[in-house]
Every structure is written in structure tokens, then in C-alpha cells.
Amino acid sequence: MFQLKQLFIHRNQYQKDTWESFLKTSGIKSEASVDAVYGIYDDQTLIGTGAIYQNILKCLAISEDYQGGAALNKLISHLMDAVWQKGYTACYVYTKPSVVQSFMHLGFKEIVRVNDALVFLEKSMTGLDSYLAYLKDNKQASDNACAIVMNANPFTLGHQYLVEQASSENDCVYVFVVNEDSSQFPSAIRKELVVKGVSHLKNVVVLDTRNYMVSSQTFPSYFLKDDQDVTRVHATLDAMVFKTHIAPALSITKRFVGDEPYSFATAIYNTVLKEVLEPTIHVEILERKKINNHIVSATTVRKLLKEKNTEAVKPFVPATTYQYLISTDGQKTIEKLRTGGSGNG
Numbered sequence: 019m020f021q022l023k024q025l026f027i028h029r030n031q032y033q034k035d036t037w038e039s040f041l042k043t044s045g046i047k048s049e050a051s052v053d054a055v056y057g058i059y060d061d062q063t064l065i066g067t068g069a070i071y072q073n074i075l076k077c078l079a080i081s082e083d084y085q086g087g088a089a090l091n092k093l094i095s096h097l098m099d100a101v102w103q104k105g106y107t108a109c110y111v112y113t114k115p116s117v118v119q120s121f122m123h124l125g126f127k128e129i130v131r132v133n134d135a136l137v138f139l140e141k142s143m144t145g146l147d148s149y150l151a152y153l154k155d156n157k158q159a160s161d162n163a164c165a166i167v168m169n170a171n172p173f174t175l176g177h178q179y180l181v182e183q184a185s186s187e188n189d190c191v192y193v194f195v196v197n198e199d200s201s202q203f204p205s206a207i208r209k210e211l212v213v214k215g216v217s218h219l220k221n222v223v224v225l226d227t228r229n230y231m232v233s234s235q236t237f238p239s240y241f242l243k244d245d246q247d248v249t250r251v252h253a254t255l256d257a258m259v260f261k262t263h264i265a266p267a268l269s270i271t272k273r274f275v276g277d278e279p280y281s282f283a284t285a286i287y288n289t290v291l292k293e294v295l296e297p298t299i300h301v302e303i304l305e306r307k308k309i310n311n312h313i314v315s316a317t318t319v320r321k322l323l324k325e326k327n328t329e330a331v332k333p334f335v336p337a338t339t340y341q342y343l344i345s346t347d348g349q350k351t352i353e354k355l356r357t358g359g360s361g362n363g
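Numbering (this note's numbering), first residue to last: 19 to 363.
It cannot be assumed that every hint is accurate.
[Said to hold, decoys possible] In silico lysine-lysine, BS3-like type, Cα no more than 25 Å apart, as pairs:
(1) K307 to K332
(2) K292 to K321
(3) K127 to K114
(4) K23 to K104
Bear in mind the hints are in silico, worked out from the structure with no lab data behind them.
All chains, please: the whole structure from these sequences, using the hints.
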């Protein structure tokens with residue numbers, strides 16, 4: 019009879035080593051972004067593992083002798099229960115095409131597939147249909163609509179410049195703010211600062227991404243071979259979800275992105291976006307805004323904040339962002355930033 023146990027990898031080195039060794043034997047990598055890890059045992063033998071991060075299932079591996087059977091179903095069901103117990107109403111998984119049927123049998127629906135590399139699935143009471151209805155409720159009458167996707171961690175003059183350029187060239191601009199709270203600035207704050215920072219532009223609509231546009235931090239890469247492969251597959255996934263579901267809902271014909279001369283990963287990402295989206299959706303890559311020959315970026319802003327140099331941030335952010343940073347709530351966020359990681363822009 020199979021038994022399920024939680025593996026406390028964050029405080030038990032033996033359990034962490036056991037987990038990582040099992041994953042390596044299965045040909046996949048461990049990931050740092052996990053909230054909880056579980057193992058399934060046949061008697062005393064570990065035969066499978068799985069993890070959750072927020073409402074995403076990841077790092078799923080099962081011994082070859084048990085694949086496609088009751089053990090995998092029991093493991094997936096347990097991971098789903100762990101997600102529901104955390105209060106989520108939707109559950110997502112990115113996995114190999116070879117195990118898709120196991121998820122389908124448990125009620126998951128396919129959202130998009132990236133060739134033979136990855137399938138993105140969800141199980142939700144409302145799900146993608148609900149999100150597309152939300153987009154259509156916010157649709158503006160326009161013959162020339164474009165989109166921008168950003169973390170805005172936090173919203174800078176660089177972000178504002180990108181939106182202003184798009185606004186001047188298009189009837190309507192949809193700005194999607196990535197929802198995940200894996201950034202140092204919470205999702206609600208990031209969106210609020212974007213809304214305030216573009217309030218002077220009357221043809222801009224700010225929207226949530228929910229779980230349908232993911233950051234590199236939460237994108238599961240455990241079964242992909244190397245960082246370049248991860249970036250390409252992640253970009254392809256984002257582009258296919260956008261092209262297949264999101265753009266048609268809003269009649270979007272153009273997507274604006276900023277170039278990133280110092281980031282190889284971003285260069286790959288932008289290249290893949292063009293490959294997948296065009297010619298249906300034109301991708302326009304804009305040169306980044308510079309102040310005193312320095313590219314304005316959220317990375318620079320966070321670095322200055324971590325160094326307790328809030329005043330130096332002022333030339334790089336709109337007044338609305340700066341007012342938040344010097345507020346009581348802003349100071350609390352900055353303190354968390356100083357004790358955390360670097361995050362995404």
C-alpha cells in the first residue's frame with residue numbers, strides 16, 4: 019500500500035538530499051521555488067515525488083515501474099489537495115506530454131502545448147473561460163490595439179516611456195501586470211503604481227494576467243535541459259497563450275517590448291516572441307529609455323533601494339512611484355526587499 023509523506027527539504031538535509039537524488043535519477047532538476055515537497059513510498063522505498071509552489075504543481079517524478087498507475091494518481095491528488103487547503107480555487111501544472119493523460123483523468127484541461135517539450139494544464143472551477151470573459155468585459159472599441167506585459171517591480175520611467183510610446187502610436191493599449199507575488203513589490207501595489215503612472219494616458223487599460231502569463235521565477239524548468247532551453251520554452255509558452263487565447267479576446271494586433279542590451283535571456287525571449295507571434299501579431303522592440311546615459315530599469319531601482327539610497331531613485335521613477343516609496347507602506351516593502359532577493363523587472 020502506498021504511503022505519502024512530506025519531505026522537509028528546507029530544514030532536513032537528509033530529506034533534501036534524498037529528494038534531489040531521486041529527481042536526478044529521474045532525469046530532472048530540483049528547483050528552489052517550492053513551498054512543500056511530498057514523497058510517495060511503496061513500503062519503505064521512495065517511488066515518486068512532487069512539489070507545490072503557490073497553486074502550481076512541479077518537480078513531479080515517478081519510478082519507471084510505477085508510471086501511469088495508481089501511485090502517480092495518488093501523488094497528483096495529494097498535491098491538488100494541498101493546493102486547495104491553501105485556499106486556492108485553481109491548480110496549474112507544466113509537464114511533459116508523456117504524462118498529460120494522468121492529469122486529464124483527474125480533471126485537468128490543456129491550455130496550450132509547446133511542441134514536444136511542455137504542456138500547460140489547469141484545473142479550476144472557472145479557469146481560462148472566466149479570464150477571457152474578464153478581458154472581453156474590459157475590451158475597448160478600437161481598430162488598432164496593442165499590448166504590453168510587465169512585472170513593474172516597481173513601475174519606473176522606463177516602463178512609463180514604453181507605455182507612452184505605445185499610446186502615441188495606437189488607439190488602445192492594454193497593459194498586463196504579472197499577478198504573481200514572487201516579486202518584492204506585492205501584486206496589488208505593482209498594479210496600483212502602474213495605474214497611477216499611466217493615468218494621464220486616456221487610451222490605456224491596465225489588466226491582470228492571473229495565471230496565464232508567468233514570470234521566469236515561477237515557470238517550472240525542472241524537466242528542461244539548460245537555461246537557454248528554459249528561456250526559449252518559457253517565451254514560446256507565453257507567446258502561444260497570448261496568441262491563441264488573449265490577443266483574440268481583445269483584437270490585439272501588436273505587442274510592444276523593451277530591448278535589453280545587457281541581458282542574453284531577454285534577447286532570446288524577444289526573438290522567440292517575434293518568431294511565434296508574427297506575422298499575426300507584430301512585435302515592436304523599443305530602445306530603452308536612458309537618463310544620463312544609464313538605462314532606466316527596475317533592477318537599478320531595487321539595487322539603490324537595497325543600498326538604502328532612496329533619494330537616488332527619484333530620477334528613475336514617476337512621482338507616483340516615489341511617493342509610495344517614501345510612504346510608511348513603501349518603507350515596509352523596501353525593508354523586505356533588503357532582506358530578500360533581486361526579483362524581476
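Now for the hints, and whether the structure bears them out:
no., hint, result
1, K307 to K332, "holds (15 Å)"
2, K292 to K321, "violated (31 Å)"
3, K127 to K114, "holds (14 Å)"
4, K23 to K104, "holds (18 Å)"
The structure fails to meet hint 2 from the earlier list, while all remaining hints are met.
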